[in-house]
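Chemist: Listed here are the chains, written in short residue letters.
Protein chains: 2
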Amino acid sequence: MSLVSREIRLKSRPVGLPVAANFELASVDVPAPRAGEVQVKNLWMTVDPYMRGRMNDVESYVPPFQLGEAMQGGAVGEVVASNDASLKPGDLVMSMLGWREAFTAPAASLQKLDTHGLPPQAFLGAAGMPGLTAYVGLIKIAALKEGDVVFVSGAAGAVGQIVCQIAKIKGHTVIGSAGGAEKAAFLREIGVDHVIDYKATSNLTAVLGAVAPGGIDVYFDNVGGDHLEAALTSARPFARFALCGMISQYNATDAGAGVHGLMLAVGKQLRLEGFIVSSHFDMMPAFVKELAGWVAAGKLTWKETVEHGVENAPAAFLKLFRGENLGKMLVKLG
Amino acid sequence: MSLVSREIRLKSRPVGLPVAANFELASVDVPAPRAGEVQVKNLWMTVDPYMRGRMNDVESYVPPFQLGEAMQGGAVGEVVASNDASLKPGDLVMSMLGWREAFTAPAASLQKLDTHGLPPQAFLGAAGMPGLTAYVGLIKIAALKEGDVVFVSGAAGAVGQIVCQIAKIKGHTVIGSAGGAEKAAFLREIGVDHVIDYKATSNLTAVLGAVAPGGIDVYFDNVGGDHLEAALTSARPFARFALCGMISQYNATDAGAGVHGLMLAVGKQLRLEGFIVSSHFDMMPAFVKELAGWVAAGKLTWKETVEHGVENAPAAFLKLFRGENLGKMLVKLG
Chain A
1 MSLVSREIRL KSRPVGLPVA ANFELASVDV PAPRAGEVQV KNLWMTVDPY
51 MRGRMNDVES YVPPFQLGEA MQGGAVGEVV ASNDASLKPG DLVMSMLGWR
101 EAFTAPAASL QKLDTHGLPP QAFLGAAGMP GLTAYVGLIK IAALKEGDVV
151 FVSGAAGAVG QIVCQIAKIK GHTVIGSAGG AEKAAFLREI GVDHVIDYKA
201 TSNLTAVLGA VAPGGIDVYF DNVGGDHLEA ALTSARPFAR FALCGMISQY
251 NATDAGAGVH GLMLAVGKQL RLEGFIVSSH FDMMPAFVKE LAGWVAAGKL
301 TWKETVEHGV ENAPAAFLKL FRGENLGKML VKLG
Chain B
1 MSLVSREIRL KSRPVGLPVA ANFELASVDV PAPRAGEVQV KNLWMTVDPY
51 MRGRMNDVES YVPPFQLGEA MQGGAVGEVV ASNDASLKPG DLVMSMLGWR
101 EAFTAPAASL QKLDTHGLPP QAFLGAAGMP GLTAYVGLIK IAALKEGDVV
151 FVSGAAGAVG QIVCQIAKIK GHTVIGSAGG AEKAAFLREI GVDHVIDYKA
201 TSNLTAVLGA VAPGGIDVYF DNVGGDHLEA ALTSARPFAR FALCGMISQY
251 NATDAGAGVH GLMLAVGKQL RLEGFIVSSH FDMMPAFVKE LAGWVAAGKL
301 TWKETVEHGV ENAPAAFLKL FRGENLGKML VKLG
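Those sequence lines, one after another, are chains A and B. Taking the working numbering, the leading residue of the first sequence gets 1, the next gets one more, and so forth. Taking the working numbering, the leading residue of the second sequence gets 1, the next gets one more, and so forth.
Treat the hints as calculated values from the structure; they're not laboratory data. Every residue gets a Cβ at the ideal spot worked out from N, C-alpha and C, and that includes glycine. Check each hint, because a few of them may be wrong.
Unchecked claim - Covered stretches of chain B (in silico footprint by chain A; criterion: 3 or more residues with CB under 8 Å from a CB of chain A, positions within the stretch not fixed):
(1) 50-62
(2) 237-244
(3) 274-282
What the hints assert, rightly or not - Distance condition first, Cα-Cα at most 27 Å in a straight line; then the derived DSSO-like pairs of lysine-lysine:
(4) K268(A) to K145(B)
(5) K140(A) to K140(B)
(6) K299(B) to K168(B)
(7) K303(B) to K170(B)
(8) K140(B) to K268(A)
(9) K145(A) to K41(A)
(10) K319(A) to K303(A)
(11) K319(B) to K41(B)
(12) K140(A) to K268(B)
(13) K299(A) to K140(A)
(14) K41(B) to K303(B)
(15) K145(A) to K268(B)
(16) K332(B) to K319(B)
(17) K332(A) to K112(A)
(18) K199(B) to K319(B)
(19) K145(B) to K140(A)
(20) K41(A) to K332(A)
(21) K303(A) to K289(A)
(22) K268(B) to K268(A)
(23) K41(A) to K319(A)
(24) K112(B) to K145(B)
(25) K112(A) to K170(A)
(26) K140(B) to K145(A)
(27) K145(B) to K268(B)
Same shape as in the complex, but just chain A:
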């Protein structure tokens, strides 16, 4: 079976905030599967802030996207033709072959997905890398311990929403920052103790100090910049910062203002640690087991923001930097 797949290619490298012209839509023929291969139609793909880094021509923990080629990213698809015994038509598979409608690939390069009754796109969010990121950052990197007061930035995003809920399930006081009334309302719904609408304040440090007069013990950083500075100021001695992302900085075109107050890390004996979820896949079984229990008990939920059609994937991606996603930003392809 031959298919035509539309895909999004990186046409030019963005300088600063990406624009639509950095991307192009192309069509390719998807060949029938040869021995050991399967043909897959994607149902869902994810857009994530970290992909901005891959658009620069810079070596990092993942190689840069190549100009003129389809971009990559997490996707859930359905096998439509198979030439390998391990997968059959109708099976769901996870891949890193997002940003396209369909593909043919070796069966061994794909992960068969058992949804355990969850919607398949959950495995691009709460039950996938963003969820594991939240779990690893809180439990391992920040070494969450009893009594910790937890501050989360980007709290209504794909990762942040899970961080907040895990911390609440474990009995912590949680302070969540997000932008706008809708996100703030969602954070209250999921039990966040103190919600900061950062768009409604000009002095985040003062606001955080007011809601956490005793200070914070853990900071889960998705944002960087003034959120990080506020956390340094409010940190108690021996506080731990899990540096997951700094979306406020991803499109910076100059060195900017830098982070102030880092000297506080000496006297307060703070630990700031960056992490990448792929270094901690060993924690996936523990995470999935805990997550399944929380979901079954009705203790953990999540939001999704859905755009439709691969042609709208760049627009969905750009919305991340304007904070126009509540929870996980997804593109529905199927």
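Fit chain B to the supplied structure of chain A, relying on the hints for placement.
Modeler: The following block gives chain B in isolation, referenced to the frame of chain A:
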């Protein structure tokens, strides 16, 4: 026996770099020791960069100095009169009652000093808190491990000189930064592999990149500012930064430029950890044991810069911020 002691008091709180007028010299009578007390003449006192923080009226890990009162700090003295069985005249004692020529205090508040053949002032430097600071920062905070390339700022200072030598003894490639030809020559003498004279370069990041083309695994920070930025740029994945001090920032009167490049900590999975030596006194026995062996084997040495007379203690302190000390800055009182 009644003594007169000259002491240095904090007269006014400095704004920015301290000046002579922030200090005053006063004379007090030192009473004869009552039951349980001893009278001590100080032989040596230390001035350390961290004392700058105590001159501000800000709660930190140590309380601020009080205006109109003698300042405090490490000192080695000799008991001249005793009214307690645990100490006798001629005994050497360590105290936090520096910045004065003599004092009377409860014997139980002092630590009797056995010099093991070292000069007594060594216990204010290599064999004291600065030495332990170097050891704790490298071994525990930075978790030094085989093959690590180690970058040290303030490398010719009280702590830095010991960091460099411990790292060399343990077989590491060491890059040391210090200001001026004399310090650079000393660092070469003690075997530092790559010496950076930061005063002779306008682009520390480029220079560090050139001497460590493969990157660094450990950064021991005594300086902050552009040294920290250079270290972030040169850091290899999973590098560990021991944040010991940031002398470049201690006299800042405004927020300044901030630290750039902290976002690199995410992708490179860096760990930045501040520490205070007093939280790690449990490592003192291990440190002293190793140090004694290194000194006996002629593997570890150190430099001192000595000023004379308590009246010159403020000047000695101010020299720290102009980098006018090679090794440990001390004031000889006896």
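Chemist: A separate judgement is required for each hint: does it hold in the structure or not?
Modeler: For each hint, the structure was consulted:
1. For the segment 50-62 of chain B, the assignment as covered by chain A holds, since 3 residues bring a beta-carbon within under 8 Å of that chain's beta-carbons and 3 suffice.
2. By the rule of at least three residues with a Cβ nearer than 8 Å to a Cβ of chain A, the coverage given for the segment 237-244 of chain B holds, with 3 such residues.
3. Coverage of a stretch by a chain is defined here by at least three residues with a beta carbon nearer than 8 Å to that chain's beta carbons; for the segment 274-282 of chain B and chain A the count is 4, and the condition holds.
4. Taking the CA atoms of K268(A) and K145(B), the gap is near 25 Å; set against the 27 Å cutoff, the hint holds.
5. With a C-alpha separation of about 19 Å, the suggested pairing of K140(A) with K140(B) holds against the 27 Å cut-off.
6. Restraint check for K299(B) and K168(B): satisfied, since their Cα atoms lie roughly 9 Å apart, inside the 27 Å limit.
7. Restraint check: the Cα-Cα separation between K303(B) and K170(B) comes to about 20 Å, which is no more than 27 Å; the hinted pair holds.
8. Between K140(B) and K268(A), the direct Cα distance comes to roughly 17 Å. Compliance with the 27 Å bound is thereby established for this hinted pair.
9. Restraint check: the Cα-Cα separation between K145(A) and K41(A) comes to about 44 Å, which exceeds 27 Å; the hinted pair is violated.
10. Annotation: proposed proximity of K319(A) to K303(A) holds, straight-line Cα distance about 16 Å (limit 27 Å).
11. Using a Cα cut-off of 27 Å, the hinted pair K319(B) and K41(B) holds, with the two alpha carbons roughly 25 Å apart.
12. Under the criterion of a C-alpha separation no larger than 27 Å, the hint pairing K140(A) with K268(B) is consistent with the structure, at around 17 Å.
13. Of the supplied pair hints, the one linking K299(A) and K140(A) holds, its CA atoms being roughly 21 Å apart against a limit of 27 Å.
14. The hinted pair formed by K41(B) and K303(B) meets the criterion: a straight-line CA distance of about 24 Å does not exceed 27 Å.
15. Our distance criterion of 27 Å between C-alpha atoms is met by K145(A) and K268(B), whose separation comes to about 25 Å.
16. With a CA separation close to 15 Å, the supplied pair K332(B) and K319(B) stays within the 27 Å bound.
17. Between K332(A) and K112(A) the CA atoms are separated by roughly 19 Å; this keeps the pair inside 27 Å, and the hint holds.
18. Of the pairs offered as hints, the one joining K199(B) and K319(B) holds, with about 16 Å between alpha carbons and a cut-off of 27 Å not exceeded.
19. Distance check on the hinted pair: K145(B) and K140(A) sit about 21 Å apart at the alpha-carbon level, within 27 Å; holds.
20. Taking the CA atoms of K41(A) and K332(A), the gap is near 12 Å; set against the 27 Å cutoff, the hint holds.
21. Using a Cα cut-off of 27 Å, the hinted pair K303(A) and K289(A) holds, with the two alpha carbons roughly 21 Å apart.
22. Restraint check: the Cα-Cα separation between K268(B) and K268(A) comes to about 24 Å, which is no more than 27 Å; the hinted pair holds.
23. Distance check on the hinted pair: K41(A) and K319(A) sit about 25 Å apart at the alpha-carbon level, within 27 Å; holds.
24. With a CA separation close to 35 Å, the supplied pair K112(B) and K145(B) exceeds the 27 Å bound.
25. With a C-alpha separation of about 31 Å, the suggested pairing of K112(A) with K170(A) is violated against the 27 Å cut-off.
26. A threshold of 27 Å between alpha carbons decides the hint, and for K140(B) with K145(A) the separation of about 21 Å falls inside it, so the pair holds.
27. For the hint linking K145(B) to K268(B), the alpha-carbon distance of about 18 Å falls within 27 Å, and the restraint holds.
In this structure, the hints that do not hold are numbers 9, 24, 25, in rising order.
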